[in-house]
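Protein chains: 2
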Amino acid sequence: MFKINDNYLKLPGSYLFSTIGKKVAAFKEENPDKDVISLGIGDVTQPLAPAVIKALHDAVDEMSKAETFHGYAPDLGYEFLRRAIADNDYRARGVEIALDEIFVSDGAKSDSGNIVDIFSEDNVIAVTDPVYPVYVDSNAMSGKTGEYWKDKECWSNVIYMPCMAENNFVPELPEKTPDIIYICCPNNPTGTTLTKEDLQKWVSYANEKKAVIIYDAAYEAYISEDNVPHSIYECDGAKTCAIEMRSFSKNAGFTGTRLGFTIVPKELKSGDVSLNSLWARRHGTKFNGAPYIIQRAGEAVYSEEGKAQTKEQIAFYMKNAKNIREGLSDMGYTVFGGVNAPYIWLQTPDGMKSWDFFDLLLEKANVVGTPGSGFGPSGEGYFRLTAFGSAENTEKALERIKKL
Amino acid sequence: MFKINDNYLKLPGSYLFSTIGKKVAAFKEENPDKDVISLGIGDVTQPLAPAVIKALHDAVDEMSKAETFHGYAPDLGYEFLRRAIADNDYRARGVEIALDEIFVSDGAKSDSGNIVDIFSEDNVIAVTDPVYPVYVDSNAMSGKTGEYWKDKECWSNVIYMPCMAENNFVPELPEKTPDIIYICCPNNPTGTTLTKEDLQKWVSYANEKKAVIIYDAAYEAYISEDNVPHSIYECDGAKTCAIEMRSFSKNAGFTGTRLGFTIVPKELKSGDVSLNSLWARRHGTKFNGAPYIIQRAGEAVYSEEGKAQTKEQIAFYMKNAKNIREGLSDMGYTVFGGVNAPYIWLQTPDGMKSWDFFDLLLEKANVVGTPGSGFGPSGEGYFRLTAFGSAENTEKALERIKKL
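These protein sequence lines are chains U and G, in that order.
The first sequence begins at 1 in the numbering used here and counts up by one.
The second sequence begins at 405 in the numbering used here and counts up by one.
Derived from the structure by calculation, the hints contain no laboratory data.
Any given hint might turn out to be false.
Cut-off 25 Å, straight-line C-alpha distance, at most; resulting in silico cross-link-like pairs (DMTMM-like, lysine to aspartate or glutamate) [stated by the list, open to error]: (1) K670(G) - D504(G); (2) K3(U) - E525(G); (3) K711(G) - E67(U).
Sequences are here, hints too, so could you generate the full structure?
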């Protein structure tokens, strides 16, 4: 008789954004006349950049002729893309990453979910709290998080590092020593960042404790301030303790186009086993590459035109962020983030529960946001709005919130 | 201190096709003047069908405008694609599959590798031998296969069901009862098939033993004979015991375009837990959908033009298959497969070891094939050639083999 992985049964509710999706769908069905604006899920709205569109069309044409057709991609991704990544994302910032340390994938969500595969069950993970749900859920699914305490809304075997207004959203080194540390910077959901000194402290700590840092830099392109690291490898010693994940979803609007990559440095080892070789084995066995045409689109993001055009997209979203930030602030809300990230993290008024504020906003303002508590216990009393809407919808949403 | 998943360390060598790739690359580097023909990895060579190309261009254009831009896809895949699948792959064959039983993915390799996630460690798997390496390797990586016995080239906790000329490549019900049974039909690597009666026997057995069948139907489009099932759900009772995986790689040349899907019927349960809900949770947490433009390309495969054009592609490959089959037969080789599948499975001459025949073919004929033993112990003494080459290369390869 087959046995299921009953770690799945311990998971509370469904994936956060599925829950929100269902709530919104139900509201729309009951209120077909209402114009619901979503500033909830971090999904982009700007079309792909012209340089990317051109690369896609060109690659599609290549796929139409036997001479230029592309079948299975190389395990790690096409060299043209990995070279563009090494040059632009790393060498340009003084970091040398070898081409075989870059693993092209269908996105950072898959990578951050799948990376758990190469670690044994008996690792203790530490996450900032609030946190992107995939880190915890994927560890829970693979039996690394202990039991779920429903009353406390947290897992028995996870180290939660509160990030709140009180500590300026900078996680403190935990009392209990973790084995795997998840850091997302610029942060989803809080929109806040670490300075290079903050991050260096974590890198040194991880090396000292022989812990590994899973560093999610999906929002790197939104950094506007100087002292915020674009890559963890800007810190000394990061190559012996850190895996970095990147995405094209937010820097080039690829949420529906799917492309990302993960850096696993060869120096990162457990005894004499390189994590690079483990991830290569997983990648080669359980994945078959991102589509050729999408990898060509990714390459175009690094062209001169592509860079200029995606920079404009980001400036567009960051204008929304500024408007939300300032608009809410003017209304008397306490807000964070939105300077180096497309997320605004606000404190709910009068200590309202996050889900109550979600319902209020949906029902009275017809605006969808994300309840802070959905990201972890320390997110309670906070709420996330994204800057990814159109300028018009963002303005409209603010007007409606003002009237609450 | 972080701990790696040391199941990975038990894996013998690297993934089969990576090993072959490295061997071929080394040969080419030493022999830059040789024209090497690959009939090794099952990679297509025909360009995408015109209807698919048109759908790709149209979808790319949609991505270039805000009004028609697509961000994150629905968790299960777009309804337009799932509806086309339900209608064409199932309803047309008398099988009703609900839309929420279809999970669109980036390909059958990912799905067949990731499906292990929803099962606990203490399942005993049964595989046909020889077998597509991903089934066993992904189970080994998640600790379900026991120890690797190097001398016997097999795992202590896997039930191998030999498929050889002696039993007409039809696996017999095993003595020890398995929990999870992998069946690939038409078969990779042998190119042989089961009849509907053969498969019904397995479905009844699985229901009786409360085992689950992972049914890989990636080569379904190559079936030319009447009594070969296109879907396992043609068998009575399959919905309570079988998960079916499909791919666009071989039926429409999507190896480098990446698209597939998995059917998990809601009736398939462990106690009161539906496997459909577990896979939905995994899909929603660790995957973020196939690209919109690729899903549109998949939809085009089911259009009238798409069907006609991909049928032609398959006829083209099956002509190669016939040529290889008959050509080798005329040379005195004993050959199997190639009638309902694009693979020809030949017995090596004079009981030669599979890898020795690989080396001989590479060095003397400059033809790349796949050694049967790479697919499992009972593959020893066999060798796989694929029909996916160009007609010209296939002819040329046969000429060279003739001269050996």
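Given the hint that K3(U) pairs with E525(G), does the C-alpha gap stay at or below 25 Å?
-> holds (8 Å)
CA of K670(G) to CA of D504(G), is that 25 Å or under?
-> holds (9 Å)
Straight-line alpha-carbon gap K711(G) to E67(U), limit 25 Å | holds (23 Å)
The structure shown violates none of the earlier numbered hints.
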